[in-house]
Amino acid sequence: MPGRLEGHTIRRFDGELEQLHNEVLEMAELVFEQIRKALESFQQDNQQIIQAILERESQVDSLEKRIDNTITEVLAKRGPVARDLRAIMGFSKVVTDLERLGDEATRITHFSTRVHDNGPGRKNSDMLREIELVGDLACTVLREAIEVLRILDITRARKLLSQAGLDEEFNASLRRLTSFILEDALNMKYAINIILVLKSLERIDAHAHNLAEYVVYMVSGSDIRHSDNDQT
Amino acid sequence: MSIASRKHWSGQNILQLQKAPATEPVSGTLSAQSDQRTVGTVTVDDPRIRCTDVNVYYGSTHAVKNISLDIGRNEIVAMIGPSGCGKSTFLRCLNRMNDTIDNCSVTGNIELDGQDINDNSIDVVPLRARVGMVFQKPNPFPKSIYENIAFGPRIHGLARDKAELEEIVITSLQKAGLWKEIKDCLDQPGTSLSGGQQQRLCIARAIAINPEVILMDEPCSALDPIATAVIEDLMNELCTDYSIVIVTHSMQQAARVSHRTAYFHLGNLIEVAKTEQIFTHPIHQLTSDYITGRIG
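Protein chains in written order, with UniProt numbering: chain A, 1 to 232; chain B, 1 to 296.
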């Protein structure tokens with residue numbers, strides 16, 4: 001059931017909610033691009049890409065502040081209730097997760113710099129493949145979460161949430177990386193950086209799931225966060 | 001603030017409403033095309049007022065349609081809805097104010113403490129003492145402040161002597177939060193007070209005759225935000241002793257003061273639920289559209 005933000009008797013309220021939605025999507029796209037570029041930077045030693053990512057980090061931060069400001073204004077002016085209130089609360093939560101996603105992009109970029117400092121090699125390239133593999137999965141999930149956020153579609157949000165996280169892939173990669181370390185202890189430093197990147201990708205997947213949970217709340221009013229814990 | 005934590009609110013009557021529903025209600029899922037049965041629990045344990053299948057007709061116009069709703073003890077119930085939806089008409093049924101309208105007829109059952117208020121044996125004068133009313137526009141009598149309060153207890157024989165009457169006047173003004181402001185000018189005309197003070201004078205006048213229920217028909221619509229805040233705070237205090245039913249066009253006021261909110265639409269009671277639920281995830285589409293300002 002797609003969510004509906006428009007239809008107010010006061011049309012300006014429609015415009016304000018649409019603007020808020022667009023600003024959130026703009027931030028989501030920027031963050032996605034940051035993560036994608038950060039992962040690309042492992043495949044080639046491209047200092048320009050890394051520099052661009054670090055420079056655009058401030059754009060993510062200023063978007064966060066701009067959206068927070070829009071939310072404050074809408075709350076003050078319109079006194080929203082029910083689905084409007086849930087939408088605004090949801091966007092506010094989404095922005096926090098997006099900002100953290102941006103931080104993950106920056107973190108990955110820093111690891112990319114360290115990995116390249118380690119120099120090329122067959123083993124290194126095998127280990128980098130782990131990032132490519134898990135990175136593709138994380139990006140696919142995040143892309144879908146942003147799409148769910150764009151159309152506020154509760155059915156697609158629930159479908160995304162029903163899919164398992166990246167735990168399995170992460171653990172499989174960890175096993176393969178361990179074998180590289182056992183083969184040659186000199187791979188240790190390199191492998192640790194790769195593992196930290198994989199951990200970042202796991203967190204990206206978790207944030208993407210959070211986005212889908214917020215959409216469920218915004219559209220239906222059901223708070224399904226921590227539902228696994230509730231059942232225990 | 002949750003209902004349970006609200007000052008002076010016992011929470012006893014709405015325990016049944018707090019039970020988790022069998023299936024999770026999804027906000028706004030009942031459409032306008034759904035049948036007109038009320039969404040939510042209309043009954044409470046040990047109600048002060050129990051309304052069952054109440055209908056009101058103005059001549060051939062069916063203004064209130066099959067409404068069932070309980071008002072709990074020490075509970076504030078807000079009734080909201082667009083103009084002409086029947087909320088004020090329904091409110092006026094609760095102390096038979098509609099009797100004064102020639103072509104108005106009321107069917108169904110309304111019980112106050114288990115007694116049918118429309119029974120032929122019921123005298124409306126003591127009924128209206130038990131179910132007091134405060135109107136949109138403050139309407140003090142053209143008498144002194146003291147006489148405004150003393151009038152009701154005197155005609156209902158609630159005071160044995162002058163000292164007792166004075167005690168009632170003082171207590172009522174204190175309960176209405178007006179005593180400190182006007183204790184030195186009790187002989188001044190009631191009409192000389194500010195709008196907010198006049199409205200509190202009317203509330204004091206209503207509580208002077210020991211009501212069980214206070215009906216309020218848009219009591220703050222003619223008041224500024226400060227006077228409104230004082231009245232709302234007063235309502236919170238008063239619900240320790242009385243049940244309060246308020247009709248309001250201010251959604252924020254309903255959200256601020258009431259424990260339960262009832263949404264009316266075209267004479268039907270569409271949805272009734274804990275106020276927190278109504279204003280965060282209402283079940284019926286009509287409720288959602290109204291409170292979010294999506295109604296034409």
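Any given hint could turn out to be false.
Unchecked claim - Examples of chain A residues lying across from chain B (beta carbon under 7 Å, computed):
1) Ile-10
2) Thr-70
3) Ala-76
4) Gly-79
5) Val-81
6) Asp-84
7) Gly-165
8) Gly-221
9) Ser-227
Rather than coming from a laboratory, the hints here were simulated on the basis of the structure. Glycine is no exception: its CB is placed at the ideal position from the N, C-alpha and C atoms.
Evaluated hints:
| no. | hint | result |
| --- | --- | --- |
| 1 | Ile-10 | holds, 6 Å |
| 2 | Thr-70 | violated, 18 Å |
| 3 | Ala-76 | violated, 13 Å |
| 4 | Gly-79 | holds, 6 Å |
| 5 | Val-81 | holds, 5 Å |
| 6 | Asp-84 | holds, 5 Å |
| 7 | Gly-165 | violated, 24 Å |
| 8 | Gly-221 | holds, 3 Å |
| 9 | Ser-227 | violated, 11 Å |
This entry does not satisfy hints 2, 3, 7 and 9, going by the numbered hints stated previously.
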